[in-house]
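> Please build the complex by placing chain B on the supplied structure of chain A, with the hints as guidance.
The lines below spell out each chain.
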Amino acid sequence: MLTLPLDVYHDIVAQALDEAPLECCGLLAGDPETGQVHRYFRCTNAAASARIYTVEARDQLRATRRAEDDGFEVIGVLHSHTHTPPYPSHTDITQAPDPTWHYAIVSLADAEPSLRSFRIADGTVTEETVLVAAG
Amino acid sequence: MPVSVRLPTVLRPHAAGQSVVEASPGTVGAIVTELVGRFPGMKGNLLTDSGELQRFVNIYVNDEDIRYLDKADTAVADGAELTILPAVAGGLA
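As given, the protein sequences belong to chains A and B, one line each in that order. Here my numbering is used: the first residue of the first sequence is 1, the next is one more, and so on. Here my numbering is used: the first residue of the second sequence is 136, the next is one more, and so on.
For the record, the hints were derived by calculation from the structure and aren't laboratory data. Quick reminder that beta carbons are idealized off the backbone N, C-alpha and C, glycines included. Any given hint could turn out to be false.
Cβ pair distances, simulated, as ranges [said to hold, decoys possible]:
(1) Gly71/A to Gly152/B: 17 to 25 Å
(2) Ala133/A to Met136/B: 44 to 52 Å
(3) Gly71/A to Arg190/B: 26 to 34 Å
(4) Arg66/A to Leu204/B: 17 to 25 Å
(5) Gly161/B to Asp31/A: 33 to 41 Å
(6) Asp122/A to Ala151/B: 17 to 25 Å
(7) Arg66/A to Arg173/B: 25 to 33 Å
(8) Tyr87/A to Asp213/B: 47 to 55 Å
(9) Asp122/A to Ala165/B: 29 to 37 Å
(10) Ala20/A to Gly172/B: 45 to 53 Å
Using 20 Å as the maximum straight-line C-alpha spacing, the simulated SDA-like pairs for lysine to any residue come out as follows [said to hold, decoys possible]:
(11) Lys206/B to Gln189/B
(12) Lys178/B to Thr144/B
(13) Lys178/B to Gln95/A
(14) Lys206/B to Leu61/A
(15) Lys178/B to Asp122/A
(16) Lys206/B to Arg58/A
(17) Lys178/B to Glu157/B
(18) Lys206/B to Glu56/A
(19) Lys206/B to Gly186/B
(20) Lys178/B to Ser159/B
(21) Lys206/B to Ala46/A
(22) Lys178/B to Thr94/A
(23) Lys206/B to Asp59/A
(24) Lys178/B to Thr162/B
(25) Lys178/B to Ser139/B
(26) Lys178/B to Ala165/B
(27) Lys178/B to Pro99/A
(28) Lys178/B to Asp98/A
Same shape as in the complex, but just chain A:
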């Protein structure tokens, strides 16, 4: 399960809308044991594309260091699908770097943004519950 604080969820949706029609991306920092997210780090999409994303390498290092300084770890990545449902693409699956991570996707395909999250291990995608919690 992935648990997002409400302010993180709002920040993710705002970023996706701000950066559309390009895909946006960012890193989720939190507790790897529970899937509780504590901070979200917006990152630059180095690919600057509506179809692909690459987390800018220096943003990734900065987010990783800040997460560790706060006693957390980077536990996953978020990216947006601007015109398609929130399900991992073939590229998302083959390039998933860490089987312990959470792969969250926010979709703007419908009138209301929707967010889903997945675990990806050895090419197998498993959807997980996403809880958005106040506080």
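Showing chain B alone in chain A's frame:
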């Protein structure tokens, strides 16, 4: 003084769970070769079949991405820190 190498979670199982290991100063390429020699399980994550650095790995020397330095030839001095992270990418293409 050795170089401190910070490993991402995905590589730690190949290094008995350690998050930081030490290596000898030298170039990035030499340090990666040393790591693969000591921890053979990392080889596929770090090097291609032809011995080049994998594209889907980010390596930093003291916070600088080696793509903006001298790539595998980047010098790593005594006491420096080398950080390895998985490159994170995806999309529809």
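> For every hint, state whether the structure bears it out.
The hints, checked one at a time:
1. Gly71/A to Gly152/B: 17 to 25 Å: holds (19 Å)
2. Ala133/A to Met136/B: 44 to 52 Å: Cβ of Ala133/A to Cβ of Met136/B: about 45 Å, so the range 44 to 52 Å holds.
3. Gly71/A to Arg190/B: 26 to 34 Å: holds (32 Å)
4. Arg66/A to Leu204/B: 17 to 25 Å: holds (23 Å)
5. Gly161/B to Asp31/A: 33 to 41 Å: Given range 33 to 41 Å: holds, Cβ gap about 37 Å.
6. Asp122/A to Ala151/B: 17 to 25 Å: Roughly 22 Å apart at Cβ, these two residues keep to the hinted range, so it holds.
7. Arg66/A to Arg173/B: 25 to 33 Å: Holds - the Cβ-Cβ distance for Arg66/A and Arg173/B, about 30 Å, lies within 25 to 33 Å.
8. Tyr87/A to Asp213/B: 47 to 55 Å: Once the Cβ atoms are compared, 49 Å apart, the range 47 to 55 Å for Asp213/B and Tyr87/A holds.
9. Asp122/A to Ala165/B: 29 to 37 Å: holds (32 Å)
10. Ala20/A to Gly172/B: 45 to 53 Å: Because 47 Å falls inside the window, the suggested range holds.
11. Lys206/B to Gln189/B: Satisfied, since the Cα-Cα distance of roughly 12 Å is no more than 20 Å.
12. Lys178/B to Thr144/B: holds (15 Å)
13. Lys178/B to Gln95/A: holds (17 Å)
14. Lys206/B to Leu61/A: Between Lys206/B and Leu61/A the Cα gap is close to 17 Å, so the pair holds against 20 Å.
15. Lys178/B to Asp122/A: Given that 20 Å is the threshold and the Cα spacing comes to 17 Å, the pair holds.
16. Lys206/B to Arg58/A: At roughly 15 Å apart (the allowed maximum being 20 Å), Arg58/A and Lys206/B satisfy the hint.
17. Lys178/B to Glu157/B: Given pair Lys178/B, Glu157/B holds - Cα atoms ~17 Å apart, limit 20 Å.
18. Lys206/B to Glu56/A: holds (17 Å)
19. Lys206/B to Gly186/B: holds (14 Å)
20. Lys178/B to Ser159/B: holds (18 Å)
21. Lys206/B to Ala46/A: OK: Lys206/B and Ala46/A at ~18 Å, within 20 Å.
22. Lys178/B to Thr94/A: The hint holds at about 18 Å.
23. Lys206/B to Asp59/A: Distance of about 18 Å is within 20 Å: holds.
24. Lys178/B to Thr162/B: With Cα atoms ~17 Å apart, Lys178/B and Thr162/B stay inside 20 Å; holds.
25. Lys178/B to Ser139/B: holds (19 Å)
26. Lys178/B to Ala165/B: holds (13 Å)
27. Lys178/B to Pro99/A: Holds. Lys178/B to Pro99/A sits at ~18 Å (cutoff 20 Å).
28. Lys178/B to Asp98/A: holds (16 Å)
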